[in-house]
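> Sequence:
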Amino acid sequence: STAATATSAATSAAASAGTSAATTARASFGGAESPPHLGSLLCDYSLPLLPNRARLCLRGHSGGVKSVAWLQVGGGGGGELLVSGSNDATVRLWEAGPLAVGPLAVAAGGSDARESAGGSESAAESEGGCGWAGSVCVLQHPSRVWAVATRGGGGGGVPLLASACADGRVRLWDARDAVASYAAGGVAGSAGVGAGLRLGSHEGDAYTVGLHPSEAVGMSGGYDAAVRLYDLTTGALLRSLVGHERSVSSAVFNSAGNLIVSGGKDATVRFWDARSGLCLKCFESPLGEVTSVDLAPNGVHLVSSSKDNALRLWDVRTAKPLLVLKGHQNTARNFVRARFAKGGTLVASGSDDGGAFLWHASSGELAARLGGHTDVVYDTAWSEPLDLIATASHDGLIKLWGWDAAAPGSVAGSAAAGWDGPWRNRPAGGAV
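Residues in the sequence shown are numbered consecutively from 1218, following this note's numbering.
Derived from the structure by calculation, the hints contain no laboratory data.
Mixed in with the good hints, there may be bad ones.
In silico DSS-like cross-links for lysine-lysine, where the CA-CA straight-line distance does not exceed 30 angstroms [what the hints assert, rightly or not]:
no., residue 1, residue 2
1, LYS1537, LYS1482
2, LYS1482, LYS1543
3, LYS1537, LYS1498
4, LYS1543, LYS1498
5, LYS1498, LYS1482
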């Protein structure tokens, strides 16, 4: 009797799970507003549905956009803002998430909202269904902004954003104060109106900036080939990490905050002890100028981008390259950046040809190309809560991409239209 009861319970649970998975599968094929993952009855994993359509275009910068990063203002994964830095000497904050995941439409109001040419068609129609939205805050700088970095305000913390500027300085803001100052009528960043804390001064441009994941410590790298660490409460310089022979183009903390990885124009990637400032390791394989470095959430893998049209995925423990990722272009412009995305399962990069590229981190297989910008794409940023990727371009636009079942190249869209192009959303090495 006990065995029969257990068998009956197991059968019921399996049937329930199958019904749930089937319901998820039907919903996922239903349209643009479907859940971002497809539960499969044939496998014990979820099929990742990759971004394939620009959901929103952000217009406001008057120059090329060098860097983007997501900022969680509230707890529980809510209140995400997008932060961008540009050649136009501003950092802008965008409340773009709700618009990007909602129905495709043009955002109403705001001085930055785009009006269609000639007034005969909507902005959404003129951009192939991509809505437009304006920024909620503008932070003025004395010269171009090379990079931005953020630290979320979850768990009662303060949402911070930092910028690296061509004047050699790093600037730090409490995002809530910056938005409040701007909303009150001031131009955030000007004297006395949310001006932010100014940190250090490189001899030449500051090219990269980072924030410690838990402590009041900031970091920057620049033209003077140094990585500098700052006390965020006082702005005091803590130490300088010297070892690169040319400009430092990119530097990041690991998730524990005890390790810093930097890449430079001297074609090296260096690992530093954040406490002592000692260089622990140096990758000197033939890389070309290193334009970016990023660590995976697991802390084991590193991706470096070089000006030889290649990304390299490294095992940090063995200091050996695991994979070489190709398909994009990175030779003509400085600081085309690559980053891990979707929990470290993907690698995303900009490209000189105006596209953004996604690779499977496990296999190095090219997964998708997002084409829609008219000039080089410098940077990308993935939002885990929204399941969106932002792309920043020299054309002055930021685009937010998500999955749309009706778009050509999607699982449902390609099946309905018989489309069999190279950018199909499939797991590496497997069929749908």
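> Does each hint fit the structure? Answer for all of them.
Here is what the structure says about each hint:
Between the alpha carbons of LYS1537 and LYS1482 the distance comes to roughly 20 angstroms, so the proposed pair stays at or under 30 angstroms and holds. Between LYS1482 and LYS1543, the direct Cα distance comes to roughly 20 angstroms. Compliance with the 30 angstroms bound is thereby established for this hinted pair. A distance of roughly 12 angstroms separates the Cα atoms of LYS1537 and LYS1498; the hinted pair therefore holds under the 30 angstroms criterion. Proximity of LYS1543 to LYS1498 is assessed by CA-CA distance (about 26 angstroms); at most 30 angstroms being required, the pair is judged to hold.
Distance restraint check for LYS1498 and LYS1482: the Cα-Cα separation of roughly 17 angstroms lies within the 30 angstroms cut-off, and the hinted pair is therefore satisfied.
Figure legend: structure checked against the earlier numbered hints; every hint is met.
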